[in-house]
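Undergrad: Here is how the chains run, residue by residue.
There are 2 protein chains.
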Amino acid sequence: MIRRRGTLFVVSAPSGAGKTTLCREVRMQLPDLAYSVSYTTRAPRPGEKDGTDFWFVTEEEFRGLLGAHEFAEWASVHGNLYGTRAVALEEALNGGSDVLLDIDTQGAAQLRARYPEAALIFIVAPSMADLERRLRERRSDNEQEIERRLRRAREEITLWRTYDYLIVNRDVKEAMAQLTAIITAERCRVLRLALKFPDLEVPS
Amino acid sequence: MIRRRGTLFVVSAPSGAGKTTLCREVRMQLPDLAYSVSYTTRAPRPGEKDGTDFWFVTEEEFRGLLGAHEFAEWASVHGNLYGTRAVALEEALNGGSDVLLDIDTQGAAQLRARYPEAALIFIVAPSMADLERRLRERRSDNEQEIERRLRRAREEITLWRTYDYLIVNRDVKEAMAQLTAIITAERCRVLRLALKFPDLEVPS
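Just so you know, the sequences run in chain order F and G. With numbering that gives the first Met the number 0 applied, the first sequence corresponds to residues 0 to 203, in that order. With numbering that gives the first Met the number 0 applied, the second sequence corresponds to residues 0 to 203, in that order.
Simulated from the structure, these hints should not be mistaken for lab results. Built from N, CA and C at the ideal position, the CB exists for glycine as well. Do not take every clue at face value.
To be verified - Ranges between beta-carbon positions, derived for each pair:
| id | chain 1 | residue 1 | chain 2 | residue 2 | range |
| --- | --- | --- | --- | --- | --- |
| 1 | F | 172 | G | 30 | 11 to 21 Å |
| 2 | F | 151 | G | 30 | 51 to 61 Å |
| 3 | F | 30 | G | 172 | 17 to 27 Å |
| 4 | G | 142 | F | 36 | 20 to 30 Å |
| 5 | G | 27 | F | 115 | 33 to 43 Å |
| 6 | F | 138 | G | 172 | 34 to 44 Å |
| 7 | F | 43 | G | 90 | 56 to 66 Å |
Said to hold, decoys possible - Taking beta-carbon pairs under 10 Å as the criterion, some of the chain F residues facing chain G (in silico):
| id | residue |
| --- | --- |
| 8 | 22 |
| 9 | 23 |
| 10 | 27 |
| 11 | 54 |
| 12 | 161 |
| 13 | 178 |
| 14 | 182 |
| 15 | 192 |
Chain F with its partners taken away, still in its complex shape:
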């Protein structure tokens, strides 16, 4: 029987939609939300810390974990590998924590299959022009990389209907309010409460 099991929130977005900033903010505003640090084979960007932003591993280490079925989801993005370790995720959910995962569309589809009750949130920039501007402002990628990201974004955006919620990130403050509202509202859903507390009769 499932008792006091946490809710899994999955946030995806094409690069440049502002997902990383929003997820960082929501972690500060909702500190009771558990956050699973992903594994990646990509090189750290300036300021990124091992164990905080990602677990940075070699491709050989990643393939070893993959072969041992250690990942709840994994994906290959722009030639780099990303994955979420199943054991850490299961521990948090079974302990009753709600977990926020910030992952790409391939990983989100795998999690939807594994956790049908997860809440999937998709964040988009208000337009492709805006997305391009944000990617260029980031200045961490070269022209070829930017064009690759834009191509991929165009493909990913078509997947929005496979998510539960859509946030159009016109303004960080508004998008932030929508993201926290979604988490708060999901916590009030009768279906979740009935699943989490099967014997609940209110008020006592």
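The hints should help you fit chain G onto chain F, whose structure is shown.
TA: Chain G in isolation, oriented as in the chain F frame:
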């Protein structure tokens, strides 16, 4: 084809759960939310205004509207009749407005049948003792009336699982945040966006 049709939010609660205060607050915080004024045969309480809090009508007038199928929902509560006029509700929803209805459990069940896509929210006091205290503090009812309301509350509370969302009103500020979060989150739901904007492709 349904286009730009508004969402119907239905809020129910046993007397004394704080529903009236919460609905008044949410109307101030979300002024774009349309609010349908109910018809009732009960006498106005001190401070209540005709056309603002309710349309106060005689039982004969109410029965006339009922006979003409003018109500989207109606209910008999504590010997008084309450109803929501269908034409006003339809006009608001078809105009693309989201509508908040503050109605009892009988009316909510009728609206669920008529509008399966409505979002139903149930508000409860944290305990029966708390509910009783709130009803006594209101001082507008005599002992017999209070006991009748408590009996009815005990029955109504068992219906919480038929709603989409549950708010346990421990603290007005927290309950208020949950109610506005539910409305904000529902507006981000992909199912609603896909229904409201069938041709939507994001971003443009």
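Undergrad: Does each hint hold? Answer for all of them.
TA: Consistency of the hints with the structure:
| no. | hint | verdict |
| --- | --- | --- |
| 1 | F:172 - G:30: 11 to 21 Å | 19 Å, holds |
| 2 | F:151 - G:30: 51 to 61 Å | 40 Å, violated |
| 3 | F:30 - G:172: 17 to 27 Å | 19 Å, holds |
| 4 | G:142 - F:36: 20 to 30 Å | 60 Å, violated |
| 5 | G:27 - F:115: 33 to 43 Å | 38 Å, holds |
| 6 | F:138 - G:172: 34 to 44 Å | 42 Å, holds |
| 7 | F:43 - G:90: 56 to 66 Å | 57 Å, holds |
| 8 | 22 | 16 Å, violated |
| 9 | 23 | 20 Å, violated |
| 10 | 27 | 17 Å, violated |
| 11 | 54 | 31 Å, violated |
| 12 | 161 | 8 Å, holds |
| 13 | 178 | 9 Å, holds |
| 14 | 182 | 8 Å, holds |
| 15 | 192 | 6 Å, holds |
Violation of the numbered hints given earlier is confined to hints 2, 4, 8, 9, 10, 11; the remaining hints are satisfied by the structure.
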